[in-house]
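With chain Z's structure known, arrange chain E with the ligands on it following the hints.
Here the protein sequences come in this chain order: Z and E.
Reading the first sequence from the start, the letters are residues 1 to 371 in this note's numbering.
Reading the second sequence from the start, the letters are residues 1001 to 1157 in this note's numbering.
Source of the hints: derived by calculation from the structure; they are not laboratory data.
All values reported here derive from a predicted model rather than from experimental measurement.
For glycine and all other residues, C-beta sits at the position ideal for the given N, C-alpha and C.
One or more of the hints may lead you astray.
The calculated lysine to aspartate or glutamate pairs, modelled on EDC-like cross-linking and capped at a C-alpha distance of 20 Å, are [unchecked claim]:
1) E:K1153 to Z:E73
2) E:K1124 to E:E1077
3) E:K1069 to E:E1105
4) E:K1062 to E:E1077
5) E:K1062 to E:D1120
6) E:K1072 to Z:D289
7) Z:K311 to E:D1120
8) E:K1153 to Z:D289
9) E:K1049 to Z:D188
10) E:K1153 to Z:D188
Covered stretches of chain Z, as calculated for chain E (at least 3 residues, CB under 8 Å) [unchecked claim]:
11) 73-87
12) 292-304
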Amino acid sequence: MSMESTQQVKGWRGWLGQRFPIDVKVYEELAKEPVPKHMERWWFALGGTPLLLFVIQGVTGILLTWYYVPRPEFAYESVTRISNELPFGWWVRGIHQWGSQLMIIAVILHMLRTFTTGAYRKPRELNWLVGTGLLVVTLTFAFTGYALVNDQLSYWATTVGTNMFAEIPVVGPIMLQMIRGGVAVTADTMTRLYPLHIGALPTAIAALIALHVVLIRFLGVTDLDARERERLARLGKSATVKGNGKVESSHFPFFPDHVMTELVIGMAVLIILVNLTILFPPTLGPKADPANTPLHIKPEWYFYPVFRWLKLFPLQIGLAGLGVGVLGFVFWPFIDAFVERRFGNRDINVILAFIVAVGALAFILWELFSV
Amino acid sequence: MDEEKNKTPDQAVTRRDFLVSGAMATSLAAVGVVAGSFGWQFVYPAAAKIPTVQVLATSLSKLPPGTRKVMKLGGNEVVLMNTNGTVRAISTVCTHLGCRAAWEEGRQQFVCPCHTGIFDVNGKVVSGPQPRALDEFAVEIKSGNVYVAVPQKEGAG
Ligand code: HEM
Ligand code: FES
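In isolation and in its complexed conformation, chain Z is listed as follows:
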């Protein structure tokens, strides 16, 4: 659409069109992009959930920064004040805390579904890499946020968590001091983790999400592969495979249909989030005491698998195992392609996902029920 034609439009659209000359029609077209029918199922539409939760974390997080003080002398007291004195402070903090847990669950579920359905395969390998970046950033968010509270568990979790860096060959000890701003976890650690939590990580996650979405739009979401269609059809779950293989009926527009699906999931998440916060308001343990490790020490549940793993194996072996696991996870699309080329196996992802998921769940339960 040229400038001339924009000028003919009356009213605010015309006014805006002259001053911000973009072609609205193009964007309307973009918004209606056809989405494969299977995206109607919540299992496939989980990508929007972490995004919603990130917005909620952003809003509640900014509210928390108004009262939180990132100094060891004041941090614990300021969190106490937020929880116990400020009107609805407990609620804001609770939403932020439960939001972080749900965000991790959402990211893991989303990852599991893209993994088990092979959505990382050519040409989407790069978007898997972006996705692993998003998982790492989300977990770093949780770790640095936990460190800010400065109660006993928070302090010792930060000590143990940062200490793992020291074992990285060659650069480890330097990295450890870089993160801690000294030899031990001190005031200088908190003033390093805080700007990470509220500045660098939000920026990083926003950039990665943007890249993630751009790549999705360029490449489209994966169509179910033929076998998956058959399986769903056998279960009587799919209306998409018509005998004549018609394509139109197997897609629906992004707006408004898919947006509607996301809204319904979003509503459910909000209901869960608010109820969790009200039923289980955030708590606070005793204040950090660098001279005394508490007897019962555990990280948050999502770190249980790593925690248990580290108890089971000698330090270096345990950490090397973790390192190999992370590398394999990040570069999985290429490993998978290699396995397929070499052995013609296209199900290894499903088998592996099953083993890892059951293993992680078992470790979480094991830790949960052991003292």
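Same frame as chain Z, but now just chain E with the ligands:
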């Protein structure tokens, strides 16, 4: 001038150009090194160079053979023990991932709650994922007094 006019595109870099860009690259690199080393000092606080200091812990008469004392020396928790006249100073920082492996008189062991690391009375690993024995600080006896060399961790605690 004539020479310049005649040259073909792939001869375009003259000696003069080369020297100028070389000089520029060298100075940029020098600035980078200087700025980097200053930046490094900023990123690394003075804490990176913790001095070792010798502190007076106690006197031998207050630590007779067969006894133990848990003390705080220069910000380090230390278990001083006199075994048949030999005095040793063992640090309670767990060698696994840095929690406190507290001395437990009842069990006669150092116990770290973080990943259930256990050390014996000499600081040797009994069980758990720790890679090595607890650290030991150098002890010196001077005219009946016990001195221990510890890293001075001021403000720790
Ligand atoms: C723009 C985004 C964010 C901002 C500005 C922000 C800000 C804050 C602040 C000021 C605190 C300290 C107050 C407190 O302890 O309750 C905090 C704590 C925390 N944050 Fe965030 N945050 C953001 C995003 C996130 C995300 C995405 C996650 C996790 C996925 C997260 C996880 C946590 C956790 C686990 C805590 C400790 C909660 C507690 O026990 O109170 N944050 N955050
Ligand atoms: S930190 Fe002591 S056992 Fe892990």
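Inset, instruction - Decide if the proposed pair is consistent with the structure: E:K1124 and E:E1077, CA atoms, cutoff 20 Å inclusive. - result: Cα-Cα ~17 Å, so holds.
Legend entry - Given hint Z:D289 paired with E:K1072 - CA-CA distance at most 20 Å: At roughly 14 Å apart (the allowed maximum being 20 Å), Z:D289 and E:K1072 satisfy the hint.
Legend entry - Distance restraint between E:K1153 and Z:E73, which requires alpha-carbon spacing of 20 Å or less: The given pair, whose Cα atoms are some 18 Å apart, holds under the 20 Å limit.
Inset, instruction - Compare the distance between the alpha carbons of E:K1049 and Z:D188 with 20 Å, and conclude whether the hinted pair is satisfied. - result: 15 Å, holds
Legend entry - Residues of the region 73-87 of chain Z with Cβ under 8 Å from chain E, three needed, outcome: violated (count 0)
Legend entry - Hinted pair Z:K311 and E:D1120, Cα distance within 20 Å: Holds. Z:K311 to E:D1120 sits at ~18 Å (cutoff 20 Å).
Legend entry - Given pair status - Z:D188, E:K1153, alpha carbons within 20 Å: 14 Å, holds
Legend entry - Pair hint E:K1153 and Z:D289, alpha-carbon separation not exceeding 20 Å: 16 Å, holds
Legend entry - Pair hint outcome, E:K1069 versus E:E1105 [Cα-Cα no greater than 20 Å]: Holds. E:K1069 to E:E1105 sits at ~10 Å (cutoff 20 Å).
Inset, instruction - Could you grab the alpha-carbon distance between E:K1062 and E:D1120 and see if it respects the 20 Å cut-off? - result: 24 Å, violated
Legend entry - Proximity test - 8 Å, beta-carbon atoms, the region 292-304 of chain Z to chain E, at least three hits: That given contact holds, which follows from 6 residues of the region 292-304 of chain Z lying within Cβ reach (below 8 Å) of chain E.
Legend entry - Distance restraint between E:K1062 and E:E1077, which requires alpha-carbon spacing of 20 Å or less: The given pair, whose Cα atoms are some 18 Å apart, holds under the 20 Å limit.
Checked against the numbered hints above, the structure violates hints 5 and 11; every other hint is satisfied.
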